[in-house]
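Work out the full structure: start from the sequences and follow the hints.
So you can see what is in the structure, the chains are spelled out below.
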Amino acid sequence: MDLTTEHQGNQFTAFLSGQLKYQDNTEFRRLIEEINAAKVRNCVFDLSQLTAIDSAGLGMLVIASDNSETHGWEIVLRGVKGQVRKVLDLSRFDKLMTVIPDPSGE
Amino acid sequence: MVGSLLTKSDFSTTPLPASNLRELGVDRVGDARVLLIEDSSFARKTITAILSNYGFDNLRCAADGAEGVRMAIEWSPEVIITDLFMPVKSGFDVCKDLRRLPEFHETPIIVQTSSDTPALRGDVFEAGASDLITKPINARELLSRLIVHLERIRLIDSLKAYRNQMREELDAAKAMQMELLPADNLIAQLEQTYPARFAWHSQPCQGLAGDIWDVRALDENSIRLWAADFTGHGVRSALNTFRLNTFVRTREVNPNQSPEDWLASLNVFLCDVLPLGQFATLLCCDIDFAAGKVKFASAGAPEPVLRRAGRHELIDISGMPIGISKRAEFGVTVRDMGPGDSIFAYSDALTETPSADDPLFTPENLVCSLDALTCDLASKPARLLSRLMEVSEKGLDDDLTLVFVEWQEGAREEV
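The listed protein sequences correspond, in order, to chains R and E.
FYI, my numbering numbers position 22 of the first sequence as 22, with every residue one higher than the one before it.
FYI, my numbering numbers position 393 of the second sequence as 1393, with every residue one higher than the one before it.
None of these hints come from the bench; they were simulated from the model.
Beyond 12 Å from chain E on every Cβ pair, some chain R residues (computed):
#1 E6
#2 H7
#3 Q11
#4 R30
#5 E33
#6 E34
#7 N36
#8 A37
#9 K39
#10 N42
#11 V44
#12 D46
#13 H71
#14 V76
#15 D102
#16 S104
Listed below are the simulated DSSO-like cross-link pairs for lysine-lysine, each with C-alpha atoms no more than 27 Å apart in a straight line:
#17 R/K21 / E/K1174
#18 R/K86 / E/K1295
#19 E/K1089 / E/K1045
#20 E/K1326 / R/K21
#21 R/K21 / E/K1394
#22 R/K95 / E/K1326
#23 E/K1135 / E/K1089
#24 R/K86 / E/K1326
#25 R/K95 / E/K1295
#26 E/K1045 / E/K1135
#27 E/K1394 / E/K1160
Where chain R lies over chain E, by a calculated footprint (3+ residues, C-beta under 8 Å):
#28 1276 to 1284
#29 1300 to 1306
#30 1316 to 1323
#31 1351 to 1358
Heads up, the beta-carbon is just placed ideally off N, CA and C, and yes, glycines get one too.
Dropping the structure here:
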């Protein structure tokens, strides 16, 4: 996974690209701590450049969702498509967080 | 050849330096078995004095190469220090003779010589020496090199022992995990009781698997097949398969509990026992041979395939994996099923090899591949596996489970 972030006022955006897998565990936890510390109200995970996610990656999103509840921020997954969208659909992650598919409809 | 350049500091009473590798199983080295092969009695005495002064008290000496090889075989020293030019057998031959024996492939052999030319050094190492020190012997250099080699060899031994122990324990754990899967006699019994035939393949990617599946009788007309895949793989996921298995096996089968309610009960259990971020996907299929129906319930498992009247189709069913949220709800999809039809359940390794974003089998082309797979049921798992192995030379990245259950043709009236 490659990661870049933006923080403006109450809005935090994390742009994830490549594949979200078990190896990204440490970096992802650091990202969540950064979001918690930023004390924002909203956090968007932009997944439009994310090509794949495995079950450990889903686990990290679960941890993010849990942190969003305890630290009072909203979590939004934006631009999901391809394999990532299939996995999120299959696992009904729309019940846990707001999931916005990529407009290209892939 | 005799030669020694000793200074007062070589005979200081400094004790042997304590090893800093103790945590790795390398403790004090003074008790090491050291064999000295040296034809000069003066040099033998000198080196013995140096080493015993530094605390090496387990030293034996041989006066020529042939005696040295003999003693080495009898005594198995941890380190050998040998002279190069000696009667009967030279240091070159000592190295060559010992290296031919498997038990001496890794034993450090330190060669000491008074002539030091690049060509000679090359010859010495080519013969199998581990190290070379030049005469006159510098006591502290000898000591330092001896300790380096001893620590290295003891570290290797300790790592080998650790690895062997881990391998034995993993093998034992793997055998225990295989026992969680349906035994051949259980399958045979089900195949006699119901008009069903099974074909399956389970393969951990790292010795232990996070995948588990099972099939049980629900009542006289129905069976329940389920397959689960825990996050990750290896030991942690494998331990979770034991948790789930214990929960499932210690509860009485309730034929009136629908598959989605059964999933909900597993979900509550796993939410209580699993740490945050760990969960399982699970597919449950209840086949009722009397009603000619199959009920599917899914917790984020890959979409199962139903073969109905010779055509395969993906069953569009989803659900949150179990162990994430107690609020999760599960749905059910009911389909007709009859003689000759079959169900295929699999873990995501099938549709994520060689990579999740460019797999050999997408769920969609898996259906076409299954349509084209006309071999008998028993060969199907192996055929799919061999196609996967063609695209993953280094082996699979994830645990693989493939389970086919087929309603035997012409057997309906037996129910």
